[in-house]
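Visitor: Residue numbers (my numbering), protein chains in the order written: chain A, 257 to 617; chain B, 145 to 301.
Please keep in mind that the hints were generated in silico from the structure rather than gathered at the bench. All residues carry an ideal CB built from backbone N, CA and C; glycine is no exception. Be aware that a few hints might be false.
Claimed, not checked - Just so you have them, the derived chain A footprint on chain B, three or more residues with Cβ under 8 Å:
#1 179-192
#2 263-272
#3 275-289
To be verified - As a list, the in silico DSBU-like pairs of lysine-lysine whose alpha-carbon atoms are at most 35 Å apart:
#4 A:LYS489 <-> B:LYS216
#5 A:LYS509 <-> B:LYS268
#6 A:LYS402 <-> B:LYS182
#7 A:LYS442 <-> B:LYS216
#8 A:LYS442 <-> A:LYS427
#9 B:LYS260 <-> A:LYS402
#10 A:LYS442 <-> B:LYS260
#11 A:LYS518 <-> B:LYS216
#12 B:LYS182 <-> A:LYS511
#13 B:LYS182 <-> A:LYS518
#14 A:LYS427 <-> B:LYS216
As the list claims (entries may be wrong) - Far from chain A, some chain B residues (derived; all Cβ distances over 12 Å):
#15 ASP173
#16 LEU176
#17 ALA195
#18 ALA230
#19 GLU231
#20 GLU232
#21 HIS254
#22 ARG258
#23 ASN292
#24 ALA295
#25 ARG297
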Amino acid sequence: MTKTAKTLISLGAGLLAACIICCTLLSAFTLLKVRAIDSSVSGTDTPEATAENDVTIAGSYVIRATTQISDAYISGDSSSLSDRDKETLATASSILKSIVTDGMTLYEKELAVYEWMCENLAHDNGMLVVIPTTQADADNPYGVLKYHNAVCVGYATTFRLFMQMLGIECKVVHNTEAYHSWDLVKLDGEWYHTDVYSDVGTTTHACFNENDQMRLAQQTWDQSYFPAATGLKYCYNYQNADSVSDIYAIPAKIKSAMDEGKSTLTLRVENLGSVNSVVFSRLMEDISNAVYSQSSDGNVSFGYEWCVPTLGTGLLSLRLRDDSSSAAVSEEDAKKIYDAVSGSFGEYTPSDGGIWTGCDE
Amino acid sequence: MKAKNIALALAAALLVCLLGACGSAQSNDADLPALRVKMNEAAGFQNMLIADSTQSDARDLFAYFSDLDYDKVSGYFLLYSPTGTAEEIAVVEVKDLKDVEAAKASLEEHLASRLKMFRNYDPKQVPMLESAIVTASGRLVALIICDNPSAVRAAID
Numbered sequence: 257m258t259k260t261a262k263t264l265i266s267l268g269a270g271l272l273a274a275c276i277i278c279c280t281l282l283s284a285f286t287l288l289k290v291r292a293i294d295s296s297v298s299g300t301d302t303p304e305a306t307a308e309n310d311v312t313i314a315g316s317y318v319i320r321a322t323t324q325i326s327d328a329y330i331s332g333d334s335s336s337l338s339d340r341d342k343e344t345l346a347t348a349s350s351i352l353k354s355i356v357t358d359g360m361t362l363y364e365k366e367l368a369v370y371e372w373m374c375e376n377l378a379h380d381n382g383m384l385v386v387i388p389t390t391q392a393d394a395d396n397p398y399g400v401l402k403y404h405n406a407v408c409v410g411y412a413t414t415f416r417l418f419m420q421m422l423g424i425e426c427k428v429v430h431n432t433e434a435y436h437s438w439d440l441v442k443l444d445g446e447w448y449h450t451d452v453y454s455d456v457g458t459t460t461h462a463c464f465n466e467n468d469q470m471r472l473a474q475q476t477w478d479q480s481y482f483p484a485a486t487g488l489k490y491c492y493n494y495q496n497a498d499s500v501s502d503i504y505a506i507p508a509k510i511k512s513a514m515d516e517g518k519s520t521l522t523l524r525v526e527n528l529g530s531v532n533s534v535v536f537s538r539l540m541e542d543i544s545n546a547v548y549s550q551s552s553d554g555n556v557s558f559g560y561e562w563c564v565p566t567l568g569t570g571l572l573s574l575r576l577r578d579d580s581s582s583a584a585v586s587e588e589d590a591k592k593i594y595d596a597v598s599g600s601f602g603e604y605t606p607s608d609g610g611i612w613t614g615c616d617e
Numbered sequence: 145m146k147a148k149n150i151a152l153a154l155a156a157a158l159l160v161c162l163l164g165a166c167g168s169a170q171s172n173d174a175d176l177p178a179l180r181v182k183m184n185e186a187a188g189f190q191n192m193l194i195a196d197s198t199q200s201d202a203r204d205l206f207a208y209f210s211d212l213d214y215d216k217v218s219g220y221f222l223l224y225s226p227t228g229t230a231e232e233i234a235v236v237e238v239k240d241l242k243d244v245e246a247a248k249a250s251l252e253e254h255l256a257s258r259l260k261m262f263r264n265y266d267p268k269q270v271p272m273l274e275s276a277i278v279t280a281s282g283r284l285v286a287l288i289i290c291d292n293p294s295a296v297r298a299a300i301d
């Protein structure tokens, strides 16, 4: 073999070795990066310390303090506020003036604000879309009070603003996953959970002034950071529920409520004693079966939440609805609708098939 | 001379092989619009919104479902519900095979965040999310959330 051939072969071998080393290093780097991503996905990174404000919920909505607005309300001096905050203050003040009177207790004022928000605001479900379509400022009092559309952060921070304006201590709580937020309110030295977002559009007061045991049925949060809510004095559902002596009195109450056309029912079940969860679950399952079997066309809905707010007493919140006749439209109204729509768009097939119009012919 | 030529030829051949081995298999890019149509049909989707890599704000839209470095992306499309239900198909074509795992990880992270969202706000959608698939075929990586993810996966395999 000539010297040149030996040189070239050596060069080739060197190139091969260099390439192998480079590929090995690249693979190692990629593996480390993927492990870092895995670590981040699995949540093994160090979690941030809990805070009330400047927390991002559901990746997009930020809880921000509004004490500058409530302080201005209390002091009467809004000169240092931005134009946005001044507008928020004016709107919030106007609402409080219309729903709150001086003779009300702090609890009654809180209830008035809660009920106003439940009746006048709507969910912004754009937050559930992959590329969110939420209204601008759906997460702060400015946008919530201006557009009446909110995500949970909007409800929580707006409710807190109202409470602070009324001199009621209030904190915004977020759950462990940082995907939902609500409020903690202090009345007579005791804290209560209020989740306006979850109750909006209903009259159930299901999430108004709950204690920790009731809230834990739905959420978890950093209980080492936020104050404990142990009171029941101002827990709306606990205090206003129908009382039953034991779980076997539940079916009669439900039947009675359905006969009266009620859509919700809350029962405080005493003497839980040694009743275990298996027995209770079986009872509710049988009630559900009975409710559905008695419906002529199956158009009923039956749901419930159960919690034990205090030892020996359970709270059962029921949702009852007979949908069999709820969607009916009179023939006269149906014809008016058809005339209006076909007058603009031409003939079409109505939602109910249009038998009465002859459209099915 | 003859030995010199043989040595040169061997070295050249070795160099070509090395370049081929260290590089990534750059097969032709997939026909993403056609794949989107095929997967949409397999899923039985109606009236879904579309985001894809042909749009002017493609980089910004991509960030809503993946934190993969966009410079590593050859193309993508996203089919998603306008009404906030959980149905979704996301397909990402990476430029280099070595980025497939990172792309999969990013879609798995997106799926995890969607699960958290619906557990909090619409638990009825959770079963569909729990049966979702993240899969890869060549340089294509897909997240499939629908009633029949296996049937949709067949379109990408």
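Visitor: Which earlier hints turn out false for this structure, listed by number in ascending order?
Guide: 1, 3, 4, 6, 7, 11, 12, 13, 14, 17, 18, 19, 20, 21, 22
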